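Q: Construct all of the structure, not just a fragment, from the sequences and the given hints.
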Amino acid sequence: MYTFSIARPSSLAEAQSALGAGGDVSALAGGQTLIPTLKFRLANPDGLVDLGGIAELRGITVTADAVTIGAMTRHSEVAASAEVAAAIPALAYLAGCIGDPAVRNRGTIGGSVANNDPAADYPAACLGLGATIHTTTRAIAADDFFQGMFETALNEGEIITSVSFPRPSAAGYGRFSHPASRYAMVAVMVAQTAGGVRVAVTGAGPGVFRVPEMEAALAGNWSADALAGIAVPADGLNDDMHGSASYRAHLVSIMAEDAVRSAA
843 MYTFSIARPS SLAEAQSALG AGGDVSALAG GQTLIPTLKF RLANPDGLVD
893 LGGIAELRGI TVTADAVTIG AMTRHSEVAA SAEVAAAIPA LAYLAGCIGD
943 PAVRNRGTIG GSVANNDPAA DYPAACLGLG ATIHTTTRAI AADDFFQGMF
993 ETALNEGEII TSVSFPRPSA AGYGRFSHPA SRYAMVAVMV AQTAGGVRVA
1043 VTGAGPGVFR VPEMEAALAG NWSADALAGI AVPADGLNDD MHGSASYRAH
1093 LVSIMAEDAV RSAA
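Everything in the sequence shown is counted per this note's numbering, starting at 843 for the first residue and increasing by one.
It should be emphasised that the hints constitute simulated quantities derived from the structure, not laboratory data.
Model, not experiment: these values are computed from the prediction.
Among these hints, one or two may not hold up.
Restraint ranges, calculated between C-beta atoms of paired labels, are given here [to be verified]:
1. W1064 to F846: 49 to 59 Å
2. P943 to G865: 34 to 44 Å
3. A906 to G1038: 17 to 27 Å
4. E998 to N1063: 38 to 48 Å
5. S868 to S1088: 29 to 39 Å
6. G865 to N1063: 52 to 62 Å
7. A1061 to S852: 42 to 52 Å
8. F846 to D1067: 46 to 56 Å
9. D942 to W1064: 29 to 39 Å
10. T905 to G1038: 19 to 29 Å
Taking lysine to aspartate or glutamate pairs in the DMTMM-like style, the calculated list, with each CA pair at most 20 Å apart, reads [unchecked claim]:
11. K881 to D866
12. K881 to D959
13. K881 to D892
Note that beta-carbon positions come from the ideal geometry of N, C-alpha and C, so glycine has one too.
A: Shown next, in the form of structure tokens:
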């Protein structure tokens, strides 16, 4: 490690002030990605702003229309929430799939979404359910938020405050995990939303993406059988020691079918 300063604000206003004070300063949420990045010296900020003490960034609110989760809410809290499980069972299930208990007890939804790791679970939930990401300055639709590997629509100094998920009429999550890292090799969220059927894939490519062909098929017939014969092209998918691009393309079809079955 190396020397850096750390600020521990108790309010969102204090956090914004610390992030805007100048220099290379990063926000610290759960730290499940940032801390290893610092240890491997892949990042070298002048300072960190720890968001852990900001109470207004935590909590879960469930209404008739949506589930809204504060940015600093832990994965374990979402997974254990009876309200979330009743409103969007697939979302509670997804949160319980993330990492291991140690990761789930430290990692936060805001940190996951802001980091936009190509194998992270929450981007699939956001894109698949048509979520809105709320920040200190605006509300961003999930379709506009995720912009490629580790890239998002966030501006410098902008902080995610909460994520709002519209309640779907049905949703399911299919996931194939790497046995060691517990990251998703491929995972798929499917949902029947007010705006139509949505299918979002994480783990397979350089970032989360939708599959319009599957969405159209499920709109006409909400069953796993409707996805038979629909293949995702392997071009552009991840190809590494853990799995070839063609293997991941095949997994997308299998996990999408599993997601539809779990929704039923």
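Q: Each of the hints needs a verdict: does it hold here or not?
A: Taking the hints in turn, this is what the structure says about them:
no.: 1; hint: W1064 to F846: 49 to 59 Å; result: 51 Å, holds
no.: 2; hint: P943 to G865: 34 to 44 Å; result: 36 Å, holds
no.: 3; hint: A906 to G1038: 17 to 27 Å; result: 20 Å, holds
no.: 4; hint: E998 to N1063: 38 to 48 Å; result: 45 Å, holds
no.: 5; hint: S868 to S1088: 29 to 39 Å; result: 37 Å, holds
no.: 6; hint: G865 to N1063: 52 to 62 Å; result: 55 Å, holds
no.: 7; hint: A1061 to S852: 42 to 52 Å; result: 47 Å, holds
no.: 8; hint: F846 to D1067: 46 to 56 Å; result: 55 Å, holds
no.: 9; hint: D942 to W1064: 29 to 39 Å; result: 33 Å, holds
no.: 10; hint: T905 to G1038: 19 to 29 Å; result: 22 Å, holds
no.: 11; hint: K881 to D866; result: 17 Å, holds
no.: 12; hint: K881 to D959; result: 18 Å, holds
no.: 13; hint: K881 to D892; result: 17 Å, holds
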